[in-house]
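**Q** Listed below are the residues making up each chain.
Protein chains: 2
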Amino acid sequence: MIAVVLLSGGLDSYTAAASAKADGFELAALTIRYGQRHSAELASAQRVAAALGVERRLELGIDLRGIGGSALTSDAPVPRDRRLSVDEIPSTYVPARNTIFLSLALGWAEVLEARDIVIGVNALDYSGYPDCRPEFVRAFERLASLGTRAGVEGACFRVHTPLITMSKADIIRRGQSLGLDYGLTHSCYDPGPGGQPCGHCDSCLLRAKGFSEAGLTDPLLSR
Amino acid sequence: MIAVVLLSGGLDSYTAAASAKADGFELAALTIRYGQRHSAELASAQRVAAALGVERRLELGIDLRGIGGSALTSDAPVPRDRRLSVDEIPSTYVPARNTIFLSLALGWAEVLEARDIVIGVNALDYSGYPDCRPEFVRAFERLASLGTRAGVEGACFRVHTPLITMSKADIIRRGQSLGLDYGLTHSCYDPGPGGQPCGHCDSCLLRAKGFSEAGLTDPLLSR
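Chains G and V, in that order, are what the protein sequence lines are. Under the working numbering, the first residue of the first sequence carries the number 569, and numbering increases by one thereafter. Under the working numbering, the first residue of the second sequence carries the number 569, and numbering increases by one thereafter.
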């Protein structure tokens, strides 16, 4: 069975994709070039897809800089050394991003006759983004069945979130058990010119916390 | 109050936008360049926006030809002289199109601090598309509030569908009462090289039926 997986090139989407593969899905990997500041992740998505043996891969461009409203899609600064909290939604929140991404995944799933979509959202060690919560995911599944030809014909779409209740350390441990090479991934929101992680954005901080709690060394930092 | 209106350049979205304007909304017009076969509609969207005095206008590109699965986004032929029926979803259905478009509208609405989105969907004289039905629209509203920062902060998004229960003739009568010039619009799915309507696709047939039932002449045909 085919599953469309949203593959950003980050640690979470790599692990989510690998989990779905371990569960027996044939992966169709969708990567979105949305004008993200950290477009270095696009090359990671390509590497990760190759490492996973993905044969169907689609990169779609949609310039969310036209919409703006986020430090990731504008020239507003990315917060540094923020105290991580899920109670406050940071300026790296991209308006409606996962709704947009899941919609595109849904369109492709319908064409591939897939009923499964995989997204690496995480509601525990995350940045407080509203579109990473289970209730959002369930509402999207409902919408998917109402808004598609396949749904009208009786299909149920399922959005799989294999990481949703995991801590970042759990995710990394899971990846290790699956033999993943996190050296292929990119997490930083505000990388240097050569793609090197800043070490100060939410994404770097969460990644560092995760490796530390898992008692492992981040291969990106040991190079 | 600002409303984001999805403006394709067709007759329906023009009328929906004008209705919202008549209701007192300040319009922000979003047009999507999605690789549609009938890209002639993009110029119409520009004309219609100007006629409505729209000051905020955004055209976003997303190449849905990468996804395919529709006669509008592939080289598959557009059905001609089909018996119009809402019981069968035709090959011009674009997988998840309104979900994708509403998601983009939602992202822009959040940035503009708008809570209102307007879409010219129609569940009576339409082509049987699942993502034009009231239950789909309600499910999207629910998703919008769950998946956005604004929603978490208590905002409710409303998707206005001023045409949803109207026949095409009703829509045209409404447009006439609002003083709209339908000569600015484009409806045909499969236009000739100069943008001229084919007269045989669903969209042309529905338009012709609407003008005929309203006892009016289509200004596009009387040129």
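Since the hints were derived computationally from the structure, they do not count as laboratory data. Mixed in with the good hints there might be a few duds.
Stated by the list, open to error - Under 10 angstroms between C-beta atoms, here's a sample of chain V residues computed to sit facing chain G:
no., residue
1, 594
2, 631
3, 657
4, 710
5, 728
6, 751
Stated by the list, open to error - A few chain V residues facing chain G, derived, Cβ under 10 angstroms:
no., residue
7, 570
8, 622
9, 652
10, 662
11, 665
12, 684
13, 715
14, 724
Don't be surprised by glycine CBs; every beta carbon is placed ideally from N, CA and C.
**Q** Under 10 angstroms is the threshold here; is the Cβ of residue 662(V) close enough to any Cβ of chain G for the hint to stand?
**A** holds (8 angstroms)
**Q** Checking hints one by one. Is residue 657(V) an interface residue toward chain G, by the C-beta closer than 10 angstroms rule?
**A** holds (5 angstroms)
**Q** When the nearest CB of chain G is found for residue 684(V), is that gap smaller than 10 angstroms?
**A** violated (15 angstroms)
**Q** Hint validation: residue 594(V) versus chain G, beta carbon distance must be below 10 angstroms. Holds or violated?
**A** Given a least distance of 18 angstroms, the restraint on residue 594(V) is violated.
**Q** Under the criterion of a CB-CB separation shorter than 10 angstroms, is residue 724(V) in contact with chain G as hinted?
**A** For residue 724(V), the interface hint is violated, since the closest Cβ of chain G sits about 14 angstroms away, which is over 10 angstroms.
**Q** Hint check: is the beta carbon of residue 652(V) less than 10 angstroms from a beta carbon of chain G?
**A** Violated, because the Cβ-Cβ distance from residue 652(V) to chain G comes to roughly 17 angstroms (cut-off 10 angstroms).
**Q** Hey, does the residue 631(V) contact hint survive, CB to chain G under 10 angstroms?
**A** holds (7 angstroms)
**Q** Just to be careful: measuring from the Cβ of residue 751(V) to every Cβ in chain G, is the smallest value less than 10 angstroms?
**A** violated (29 angstroms)
**Q** At a threshold of 10 angstroms, is the proposed contact between residue 715(V) and chain G supported by beta-carbon distances?
**A** holds (4 angstroms)
**Q** Holds or violated: the hint that residue 710(V) contacts chain G, with Cβ atoms closer than 10 angstroms.
**A** It holds, given that the least Cβ distance between residue 710(V) and chain G is near 5 angstroms, below 10 angstroms.
**Q** Is the interface hint satisfied for residue 728(V)? The criterion is a beta-carbon contact with chain G at less than 10 angstroms.
**A** violated (17 angstroms)
**Q** Double-check residue 570(V) for me: the hint is only fine if its C-beta lies closer than 10 angstroms to a C-beta in chain G.
**A** violated (14 angstroms)
Hint compliance for this structure: hints 1, 5, 6, 7, 8, 9, 12 and 14 are broken, all remaining hints hold.
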